[in-house]
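Visitor: Which chain is which? The protein sequence lines are C and B, in order.
Each step along the first sequence adds one to the number in my numbering, with nothing skipped, and position 273 is 275.
Each step along the second sequence adds one to the number in my numbering, with nothing skipped, and position 655 is 657.
If you're looking for bench data, these hints aren't it; they were derived computationally from the structure.
Careful, some of the hints might be misleading.
As the list claims (entries may be wrong) - Pairs of lysine-lysine, BS3-like flavour, derived with a Cα cap of 25 angstroms:
(1) 365/C to 323/B
(2) 450/B to 69/C
(3) 398/C to 307/C
(4) 323/C to 251/B
(5) 398/C to 323/B
(6) 477/B to 251/B
Residue-level listing of the chains:
2 protein chains.
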Amino acid sequence: MKKITSILCLLILLIACSKPTIDNQITVSNVEELNLALKEVKAGDNIVLTNGTYKDVEIILTGEGTKNQPITLKAETPGKVFIEGTSSLEISGNYIEVSGLFFRNGHSPKTNVIAFRTSEKEVANHSKVTNCVILDYNNLERDQDNLWVQLYGKHNEFSNSYLAGKTNGGPTLRVDLKGNQSIRNFHKIINNHFGPRPRKGGARGETIQLGSSFTSMSPSNTLIANNLFEECNGEVEIISSKTNFNIIKNNVFYKSEGSVVTRHGNYVTVDGNYFIGDGVNDQYGGIRIINTGHWVINNLFYKIKGKNFRSPIAIMNGIPKSPLNRYNQVTDVVVAYNTFVDSSSPWQFGVGTNIAQADVLPKSEIRSARPLRTEVVNNIIYNSEGDANPIIEHDKADGVTFASNVIDNNGVEVENDHGLITKDLTLTDIGSNLSVPTSGFDDVEVYKGYDFETIINDLLGNSREKSNTIGAIAKAGDINLDLLDKSKYGADWFSNEVEEKEATTHAVTNTSELVSKLKAAESGDILSLNDGVYNISESLIVNKTITIQSNGSAEIVYAGAANTPAIELHPYGKLTVKNIKLKGTGSQQAFASLKKNMSNHFGLEVLDSEISNFNYALKVYKQSFSEEIIFRNTSISDCENGLELSEETNDRGDYNTEYLTVDNCTFTNVKQNVIDYYRGGYDESTIGGNLLVTNSTFTNSGAKEKNGMLLNHRGIVNVNINNNTFKNNNVKFVSILWGAKNNVESNNALINSGQIKTEENLKQTLMY
Amino acid sequence: MKKITSILCLLILLIACSKPTIDNQITVSNVEELNLALKEVKAGDNIVLTNGTYKDVEIILTGEGTKNQPITLKAETPGKVFIEGTSSLEISGNYIEVSGLFFRNGHSPKTNVIAFRTSEKEVANHSKVTNCVILDYNNLERDQDNLWVQLYGKHNEFSNSYLAGKTNGGPTLRVDLKGNQSIRNFHKIINNHFGPRPRKGGARGETIQLGSSFTSMSPSNTLIANNLFEECNGEVEIISSKTNFNIIKNNVFYKSEGSVVTRHGNYVTVDGNYFIGDGVNDQYGGIRIINTGHWVINNLFYKIKGKNFRSPIAIMNGIPKSPLNRYNQVTDVVVAYNTFVDSSSPWQFGVGTNIAQADVLPKSEIRSARPLRTEVVNNIIYNSEGDANPIIEHDKADGVTFASNVIDNNGVEVENDHGLITKDLTLTDIGSNLSVPTSGFDDVEVYKGYDFETIINDLLGNSREKSNTIGAIAKAGDINLDLLDKSKYGADWFSNEVEEKEATTHAVTNTSELVSKLKAAESGDILSLNDGVYNISESLIVNKTITIQSNGSAEIVYAGAANTPAIELHPYGKLTVKNIKLKGTGSQQAFASLKKNMSNHFGLEVLDSEISNFNYALKVYKQSFSEEIIFRNTSISDCENGLELSEETNDRGDYNTEYLTVDNCTFTNVKQNVIDYYRGGYDESTIGGNLLVTNSTFTNSGAKEKNGMLLNHRGIVNVNINNNTFKNNNVKFVSILWGAKNNVESNNALINSGQIKTEENLKQTLMY
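All chains, full assembly: derive it from the sequences and hints.
Guide: See below:
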């Protein structure tokens, strides 16, 4: 019997150890099996993850596949394999393919979610990650920078994937060039859908970064093609190209608050892309150019209203003999065959000139070197409403050749036209809600610069060799583009289109219901409070989109511990308060974010309400971020502190909210930090936050403010203080505005309240 | 008659205008005919310059040749067409070929002698200048910088030519990258003989420069191959590569006082070159590396004794985040498969570190960034006399991987060996007076770095693919190189080998003979003066190599005008004075250069002589330069000034002599400027001049020196003051030495003569 058991055991062991032979398929159903399968892989192996959730798994796949026998790791059903918790994927070797995975509900324990290497020396080549999704897979703190996808090695592909919702610092995807193992990489980043990346509040929120200034001399040859960038609002740069010979081609940039920026490196081709705005939002940008030899050709700019850094074509001034990590002069750049429709002042030169700030900045920061040997030719501008200034020279464009450019400005005279040829053009519907001039300029002689014979196709891929014209579209005919059909991009099993759902309103009659219904409500729901007083002693927690409102005089009275909030805003907590009286007992906070682990943004809108008797009306802690905070028709009174958003003191350009709007409010007897909103660090490319204070009245406030200033907004780039009344506030200044930036005030009444002063230049810590 | 005359005239005119049809050959015999022929050229035209001299001719050849029908400009007999006076050659268009011209006896009226363009926008492509010579074709002043050959455009060739004797500022040949018309140029600079370029004394004396820091981001792809560089001593850089992707291959660097330097730009390949020294001269250098991605492979270093900046492999420290025109950090560099024979301390790291000078230099000048991700592998070092320090770390080489390197150090223990494998090797004669180890290391495993599979050949062009070893020569067998056969390089009709000629000695008995025979003598001749006094009242002019000597007590007494020299040194004037008493009447100069138009170097050696009663013993004017000035066994007495070489005050690194040697001399009653030798400007890559003061006695001198210093040598890099006696000189300092550079003193007796002080760091004007 013993013998038989032994034999049986051996047999079972043998069966357990033997891998299925059909196609070398290895099916695994849990982390342990997966790790076992990954221990030793060989060319032709196909590891299949059965559908389900894999939690806290650090997948490390190393192997030597071949072109004909790649090593694959696949979801049984694409999209039905969920990688959650603290998980990551690293691959190295040759011909590795991973597909069908969904990263969600967690974050990476490493510096990347997906890395094309398993150690510094072991990189992936000829490998591919495709048809995957990473959604909201954020680190717990905004300052814990990481990357979601990092490419190393050569000839790799990241394709047909959907990435969205990154809120912490660090580009969503980066190509690393350090070491000869990763140069001339010819990576392909294609057919992806880069979904919404929320505003980060400060730098380090790029969607794609190609290298860094320290590898900006290396040839990269990365291709970014046929991707959809939708609402990529992380920061001022959507794609930050920092290496050489990259190609950015046929992508759609849709309502994205940033630009394609040739930040470092040279000879990048930006060819045949669509920049689509809405004609209103002035944060949607185009292409910002720094350095040498870039070719910006065949692009269409549609209703792009970005200005200055975000203008459709922003050609920057450089720093003479610039340090490696700053701004090289623009030389030998070609901007040709582009079409601009209803885009404001699309060509801007000398962007970033800061000669006026020579007193507050070191010489090595002064951008005074104008573009050289640059050609802006064969372009078309069409403006339904004429734009007197299609060309803006922040500094002289005397190193730029303009030729064969056409404008239809609908009758408005152009100032400073640099030879623009006026034509009467008509718009043609080309699909995707785009109307573009496609004819009427055949008689304009095409300018031929050096190497222009290499521009063989137009925006639509039609040949320019036989019949050529200026503008992005060389050949008319029926055109029916389908650029915004999202099914053409990203993972084939995932859509970010959500059905609008009717908000459910929950009636609340007492405190206990308030607590329980808030907890039970679905995101988007409304709690409607009956009139009456709701006494609470523990913070109400908001971790979804919620409206708390009443018809008239519902009053929430909070008697919780000192320095705890009546309403605590957690990640994803987007709160609207309407028609509510919120009272404390003097020592608490009305609203506050979490002190830590704010792994996603919050939001706050306070309307028609009254806030009184708190230590803080609003306390936003470090590393918490809201895209918008609005107080409207609301009174704040008898508080020790008002709206406090000033903990981002690392001076790396960060701040706590993109927009802080105070409209038609009253602040009465708020003793200090009435409004305190801070951004620090000299960072010319961070162009937020935004403070709007309008139609409001401030009375008997700010008396305890140590710096003698009522409204503190040091370092905030856009400030507008307009039509307010300041009365009997014992302060020296209501505000000191930063003149060199976009800080303005008008029509304010100051009665016994100090003054508003403008300082042109603000001394800031250098970030670089 | 009138009619016949008219017809005849018309006929003559027609004949004159009609071009010969055979091969489209147009023969021209003078400048006018040449200009006429150049007015209109077409594909297939062949302009032939008949033999003779063409003076003051600015040749501008523009045309559209084709590959099969180039436009050519040729000498009737190569080398028999002399371009003289103020002349130049410019070509543009396509498929232009110029050959057989000899530029001499003059200088260019333009910024180039030969330019591959005719205007900024009109460049040459697919064009060639070949089989030409430019000899001593210098501007009149050393500071009038120019270039002899400047390449623009693309796909051009400069080949089989001989260039030598450039003494004025500016590289001999430069490739220009400004503008898209000149990038990715794939120029070929091949089979040339770069003959002696004398020491220039300061910067701007490169033999070849590829671009500039301002175009250092551009791809150049220039090939420099199969050239002989002989005594290219202009400055510390023989080839200064400042752009990307250049290839420097199979060249011979023979007794050249400089290095191949990857000064700016990246990814340059230095492959299969021969660096040949004499085992003595420590100015002969190798390869100095700055920036990213260079590959230094398959090179042979033979008896190269250069140190530090000029060491065989000098890997520099960079400036963190360097400005564009300074020193980028070394990263991703490969130094593989090289062989070093009898070359001192061939591998030096952190060259140029100047952390110690942080007090006298701005932060943006401090080279503290050590090499990163650099591989030094598969190399062989052979030392007939063991070298305890083959590897010198001026700063830590902690970013460098060492592997598979072999040394035969003939028994001497190696300090700091970084894993060097000791082997017993034997030398094999491979021809050209080179003995190199070619076997005995087959068992050493070859290190395989990233992309090493692209190193397919060894130094001799043998394949590494089948059988590979470390070292420059992968495959032994009989090797008989013929590297120094000069007929393999340069113009086929020109040789720089001159027959040694016996010096003729001319006996001189009186002043009139002295003047007439000096004038009549050939270069190299000797004037032998009988004893007696030679009274002269006009300067003796020396414009060739001449020795003036006597057997005992010949005395030259000069009574000419104040501040004129007894002996005036003109361009090419190389004077040796031996056993002569030279006396003035107090107001004159014993020796002086020209005040202007010193279009070539002079030289001076004063032996066993006496100089007295002058205002200056030696006065060297600005822009005059001598490679060597020697005073030996000579007394200088009763002069207002001694040796004065201090007019190069532009602080761009220039100076008036490479070597100033004072040995076994006496200076008595020389009131000021006893020795005054100046170099100004902070320029780490100028490593001259050289002052040697030995075995000499200075008495009662320097009393009128305003700065209280006897020996002034501010900014001179190499100073050695050794074994001298200083007695009763009324000065505060005999010398202030520059400690951070190579300034030393020893064994000097100071009697009532102040002191010798060392200052570690000298504050200098920044040159950049």
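Visitor: A separate judgement is required for each hint: does it hold in the structure or not?
Guide: So, going through the hints one by one against the coordinates:
1. 365/C to 323/B: Within the cut-off at roughly 15 angstroms; holds.
2. 450/B to 69/C: holds (22 angstroms)
3. 398/C to 307/C: Given pair residue 398/C, residue 307/C holds - Cα atoms ~22 angstroms apart, limit 25 angstroms.
4. 323/C to 251/B: violated (31 angstroms)
5. 398/C to 323/B: violated (28 angstroms)
6. 477/B to 251/B: holds (19 angstroms)
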